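Asks: Sequence:
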Amino acid sequence: MLAVITNDYHVPYHVPSVVALATQLIKALKPDVHAILGDFYDTYPLSNFTKRPFSYSTLGDEVEAGARIHDEQTPHAKKTVLLGGNHEFRITKWIWSAEGFFSKLGDAAEEAMKLLHPRKLFRLDRHGIKWMDYCKPLYLGDLMLRHGEVAGTHTAATNLRKYRRSVITGHNHRREMKAHSSDGMPDIESWTNGCLCTLEPEYARGPVDWQHCMAVVDYDKRGPFNVQQLPVRWDKAGHPFVRLGRDVIR
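In this text, residue positions in the sequence shown follow the numbering used here: the first is 115, and each later residue adds one.
For the record, the hints were derived by calculation from the structure and aren't laboratory data.
Predicted model only: the values in this text are computed from it and were never measured.
Take these hints with a grain of salt, some might be off.
As the list claims (entries may be wrong) - Pairs of lysine-lysine, PhoX-like flavour, derived with a Cα cap of 20 angstroms:
hint	residue 1	residue 2
1	K292	K144
2	K207	K192
3	K165	K207
4	K207	K250
5	K244	K144
6	K192	K144
7	K192	K350
8	K244	K192
9	K192	K141
10	K234	K193
11	K250	K234
12	K193	K250
13	K250	K335
I would like the entire structure built from these sequences, with the hints used as guidance.
Replies: Here it is as structure tokens:
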């Protein structure tokens, strides 16, 4: 079976040409699964960090922009799964922080919270996308997929110690790979899968050590798998591409 792995679009801070490249990859491979490992949406208006005054971005804008990407990508995969990331989890944290408000709704509180569930808010049912809550893993054979909770240098190695099994995560915005083996035991491997968002975030001063990347996983439900990370390259005309074997996808 075949899966395409993408993550960390951070809509509306995605790079349209890189997202279009991911769409071309999905169209070319027609995978059994397209797994989006969280932070598809940025949920910028709900951030607790200092925000730019008079921001153009609303949550409604993110929903609409995300819907356009889903419209392009989901028809070409047999199944699409969106794992909640820490940015989508901002919605849940906002609900928790507004507990006093919801308690005043009485019997209507439960219905109001249902409308704010990410699956409903982001209209995922309309696109046939399966939602998985933040920190819930998805398995492709023996490979665990999750958004990730660790960021920084040597994250792939940290995840091996944390999860103690083969895993691929997003969250870190860096492309890394680390393997571990011991006598008589099979190798376990860890990947962090870069991102599809801008590499020039407004809050950073100077360059960040992030990379655009996606991955293809060939797997058997009974366990065996193979991961191929596809770093995004740029041609002389400034157009992104990836190499999959001898094929170049643009």
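Asks: Decide, hint by hint, whether the structure agrees.
Replies: To see whether the hints hold, each was checked on the structure:
Under the criterion of a C-alpha separation no larger than 20 angstroms, the hint pairing K292 with K144 is inconsistent with the structure, at around 28 angstroms. The hinted pair formed by K207 and K192 fails the criterion: a straight-line CA distance of about 32 angstroms is larger than 20 angstroms. The straight-line distance between the Cα atoms of K165 and K207 is roughly 18 angstroms, inside the 20 angstroms bound, and the hint therefore holds. Proposed proximity of K207 and K250 is supported: the alpha carbons are some 17 angstroms apart, at most 20 angstroms.
Note on K244 and K144: the hinted pairing holds, with a Cα-Cα distance of about 17 angstroms set against a maximum of 20 angstroms. The straight-line distance between the Cα atoms of K192 and K144 is roughly 7 angstroms, inside the 20 angstroms bound, and the hint therefore holds. Proposed proximity of K192 and K350 is contradicted: the alpha carbons are some 34 angstroms apart, above 20 angstroms. Only pairs whose Cα atoms come within 20 angstroms are accepted, and K244 paired with K192 is accepted, the gap being roughly 12 angstroms.
For the given pair, K192 sits about 11 angstroms from K141 by alpha-carbon distance, which is consistent with the 20 angstroms threshold. Among the hinted pairs, K234 with K193 is consistent with the structure: their alpha-carbon atoms are about 18 angstroms apart, no more than 20 angstroms. A C-alpha spacing of about 18 angstroms is found between K250 and K234, which places the hinted pair at or below 20 angstroms, so the restraint holds. The hinted pair formed by K193 and K250 meets the criterion: a straight-line CA distance of about 18 angstroms does not exceed 20 angstroms.
For a cut-off of 20 angstroms, the pair hint linking K250 to K335 stands: about 19 angstroms separates their Cα positions.
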